[in-house]
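Trainee: Listed here are the chains, written in short residue letters.
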Amino acid sequence: MSDFAIDIRNVVKRYEEHVAVRDLSLQVPRGSVYGLLGPNGAGKTTTIRMILDIIAPDAGTISLFGQPHTTVGVLDRVGYLPEERGLYKKMQVRRVLLFLAELKGMKPAVAGPRIDEWLERFGLVTPEKNWGEARVDELSRGMQQKVQFIATLLHDPELVILDEPFSGLDPINAQALKDAVLELKRLGKTVIFSTHVMDNAERMCDSVCIIARGEKVLDGAISDVRRQSGTRNVALALAGGAHNGVGGVLRDPTLVRKMDDNNNYFELELAPAADPQVLLRRLIEAGANVERFELVQPSLHQIFLQRVGAAGVEEGLTGHG
Amino acid sequence: MDNKLMAVAKREYMERVRSRWFILGTLAVPALAVAALAIPMYMASRGASSSLRHITVIDATGTGMGERVAKALMADSSLGSAKTDSIATRVINVDAAQLPVQEHAATAEVELPKHIVGYLVLTDSTLAGKSARYAGRNASSIADMEKLESVVRQASMIVRLERQGVRSDLVNDLASSHLKVNSERLSERGRAGSGEAGLIAGIAVGLLLFMSIIIHGNNVLRGVLEEKSTRVAEVVLSSVKPETLLAGKVLGVGAVGLTQQIAWLGIGAYLMGFVAPIMMKNAGGGAGAAASSGTMSGMFASLSPEVLMVALVYFVIGFVFYATLYAAAGSMVNSEQEAQQAAVPVMILLMSTWLMVNPVMINPNSTLAVVLSWLPWSSPIIMPMRMGLTAVSPMAIAGSIVVAILGCIVAIWLSARIYRVGMLMYGKKPSLAEVAKWIRYA
Numbered sequence: 649m650s651d652f653a654i655d656i657r658n659v660v661k662r663y664e665e666h667v668a669v670r671d672l673s674l675q676v677p678r679g680s681v682y683g684l685l686g687p688n689g690a691g692k693t694t695t696i697r698m699i700l701d702i703i704a705p706d707a708g709t710i711s712l713f714g715q716p717h718t719t720v721g722v723l724d725r726v727g728y729l730p731e732e733r734g735l736y737k738k739m740q741v742r743r744v745l746l747f748l749a750e751l752k753g754m755k756p757a758v759a760g761p762r763i764d765e766w767l768e769r770f771g772l773v774t775p776e777k778n779w780g781e782a783r784v785d786e787l788s789r790g791m792q793q794k795v796q797f798i799a800t801l802l803h804d805p806e807l808v809i810l811d812e813p814f815s816g817l818d819p820i821n822a823q824a825l826k827d828a829v830l831e832l833k834r835l836g837k838t839v840i841f842s843t844h845v846m847d848n849a850e851r852m853c854d855s856v857c858i859i860a861r862g863e864k865v866l867d868g869a870i871s872d873v874r875r876q877s878g879t880r881n882v883a884l885a886l887a888g889g890a891h892n893g894v895g896g897v898l899r900d901p902t903l904v905r906k907m908d909d910n911n912n913y914f915e916l917e918l919a920p921a922a923d924p925q926v927l928l929r930r931l932i933e934a935g936a937n938v939e940r941f942e943l944v945q946p947s948l949h950q951i952f953l954q955r956v957g958a959a960g961v962e963e964g965l966t967g968h969g
Numbered sequence: 009m010d011n012k013l014m015a016v017a018k019r020e021y022m023e024r025v026r027s028r029w030f031i032l033g034t035l036a037v038p039a040l041a042v043a044a045l046a047i048p049m050y051m052a053s054r055g056a057s058s059s060l061r062h063i064t065v066i067d068a069t070g071t072g073m074g075e076r077v078a079k080a081l082m083a084d085s086s087l088g089s090a091k092t093d094s095i096a097t098r099v100i101n102v103d104a105a106q107l108p109v110q111e112h113a114a115t116a117e118v119e120l121p122k123h124i125v126g127y128l129v130l131t132d133s134t135l136a137g138k139s140a141r142y143a144g145r146n147a148s149s150i151a152d153m154e155k156l157e158s159v160v161r162q163a164s165m166i167v168r169l170e171r172q173g174v175r176s177d178l179v180n181d182l183a184s185s186h187l188k189v190n191s192e193r194l195s196e197r198g199r200a201g202s203g204e205a206g207l208i209a210g211i212a213v214g215l216l217l218f219m220s221i222i223i224h225g226n227n228v229l230r231g232v233l234e235e236k237s238t239r240v241a242e243v244v245l246s247s248v249k250p251e252t253l254l255a256g257k258v259l260g261v262g263a264v265g266l267t268q269q270i271a272w273l274g275i276g277a278y279l280m281g282f283v284a285p286i287m288m289k290n291a292g293g294g295a296g297a298a299a300s301s302g303t304m305s306g307m308f309a310s311l312s313p314e315v316l317m318v319a320l321v322y323f324v325i326g327f328v329f330y331a332t333l334y335a336a337a338g339s340m341v342n343s344e345q346e347a348q349q350a351a352v353p354v355m356i357l358l359m360s361t362w363l364m365v366n367p368v369m370i371n372p373n374s375t376l377a378v379v380l381s382w383l384p385w386s387s388p389i390i391m392p393m394r395m396g397l398t399a400v401s402p403m404a405i406a407g408s409i410v411v412a413i414l415g416c417i418v419a420i421w422l423s424a425r426i427y428r429v430g431m432l433m434y435g436k437k438p439s440l441a442e443v444a445k446w447i448r449y450a
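So the protein lines, in turn, are chains A and B.
Each residue of the first sequence is one higher than the one before, starting from 649 at the first, in the working numbering.
Each residue of the second sequence is one higher than the one before, starting from 9 at the first, in the working numbering.
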């Protein structure tokens, strides 16, 4: 039994005009919440579709739970909520859910009671109205999103894949979704979701993978990513600003790679081989009046901007992720 | 896998059969078809053309030919009973010199809102078997003019025979003879019912398939388009292979079509049970009724179990062939309008076949007919029709079915590849070159 819910090795997907995914490898540990991060057009949706065998990679292998993802029945253990969501408009809600459950290999007799359970849990069955009996196009957008979410989880999947799940959600539903994801993790499920909103990822994910232009930029556990991101930043506050000797120290390229000068407050990126202790000593020797000297870890947002940059967003790519 | 295929087919079937349109169409079409068949017959028998009697015959031949024409019109049972008719055909015998004056008077009479609908002029030219003239309000009625023509032709023949000195009883006998040719088809297997009946059965099978493909092929197209435009396709495709979804759709919609046709045939036969006796009673006397009931029973006799089986096989193959192509067309586009354009090549295949039905009917053994019964896109319509019209060897039928199945496999293969790529492709309508690329990619 593999420790990875998803194991992608050297996957490539080419289209006529561009390469959507090039030589991508990533591993999603079982029971973790995993974030697939990247700007629009980075290849997130293409990657997700390949995991689900909706499109075939040109090269590379994809395994789910240690088996090739094309193995019969493996995809029945996966729940998927695509970015572009829709349901059969003219169909009764219960029948849509029953149909989608059957496609995941569930027997109607098993699926039926569970649909009722979920509808009740999401408030779609009230004393006044049973929305399960209504047609999909009678439901409000919010209700339809709930039905789609039910369809994703109805068959009790071990792996849940959500593509840009926060897009189009109001703050209340976004919070409900975060709670639902953490609930799934508590139940031992694996959740992978794509997003370009770093805040969500930082708060929820155990591990992340950042991709841009179809390539992996970095991946790993959030704490490792921060450490590995290589940058050690120093938040420095000087009373009276940087006078002569101090300025010379800050401009020494063997110590400081980049400096964000705000007169009294400085954000420094240390040079690769520099020791922060040496920097502090040199500053004091130069007569600096240090009010604050703190080693800080960059936020995911900063790492993202730093590693991907503006160039990571390819222009003219309107496709999905 | 198979359960998923069944789930897709079941959804397609149940959602369609439940719809109001299906129920309406299933009930209304046979009712309309029977009405369309019965009403003209009823109208025809009800003497819609009995006004043909209400004319003035201006006879300038001086042979009593006008009297003969009038007598024949009054005696014609297809114009209704003469006893109930209040107005008899009027004959005016004139000299050739008086003709213009009489014609002028007759014209004025017709123009008045009276019972007289027109006048017929018989001259020496009529007697010579060349021409007669008719002017009247019903001059554009094809049935009336045909009837009048045949009456005048017969009268002129009889007058000429009398002038040649043929005995009058023989002439009368000739005048009252109505010859009818009863055709019967012979094949290696012996008598196979009347030729006419085989033709009707053949056309019926071809027409049924043609209609099913148009109606339900478009349903497949619209169903694919709905899944694509509502974006439900992506969730579905994360659970089933595109090939399974495509196959389930075609199967489900095909089953709807078959259900509808069985219902149509059943309801149609039931309604015919009421309408047929009325139609026969009005079909112009005993001989006509006997002939038409013979045709009816002959028609069902000519639909032997083998022919029905073969027709059913062609039906399934033909439907699958066209429905998968319609599905591919639906997966390429994003809107109903674009879908109609994308379906044009499929329509061309289908319509070109339908246009060939008439030539094949006229000569079912021509090279054209033989070629068309081998091509996979035309054989399902043409072959059952030819089988109704002529003897086709079992080997040829088997061979043509094999070719049609091969054609089907190619169509499914092509469609599945287009479908696989097309279902997730949004944006502008692809060009032919792009579709060709999809086929290579998928």
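Please keep in mind that the hints were generated in silico from the structure rather than gathered at the bench.
All values reported here derive from a predicted model rather than from experimental measurement.
Every residue, glycine too, gets a C-beta built ideally from N, C-alpha and C.
Any given hint could be a false lead.
Derived DEER-like restraints, expressed as beta-carbon distance ranges [said to hold, decoys possible]:
#1 A:Glu-781 with B:Ile-150: 56 to 62 Å
#2 A:Gln-954 with B:Tyr-434: 54 to 60 Å
#3 A:Lys-755 with B:Leu-32: 33 to 39 Å
#4 A:Thr-718 with B:Ser-343: 29 to 35 Å
Trainee: Hint by hint, note whether the structure agrees.
Mentor: Hint check:
no., hint, result
1, A:Glu-781 with B:Ile-150: 56 to 62 Å, "holds (58 Å)"
2, A:Gln-954 with B:Tyr-434: 54 to 60 Å, "violated (34 Å)"
3, A:Lys-755 with B:Leu-32: 33 to 39 Å, "holds (34 Å)"
4, A:Thr-718 with B:Ser-343: 29 to 35 Å, "holds (34 Å)"
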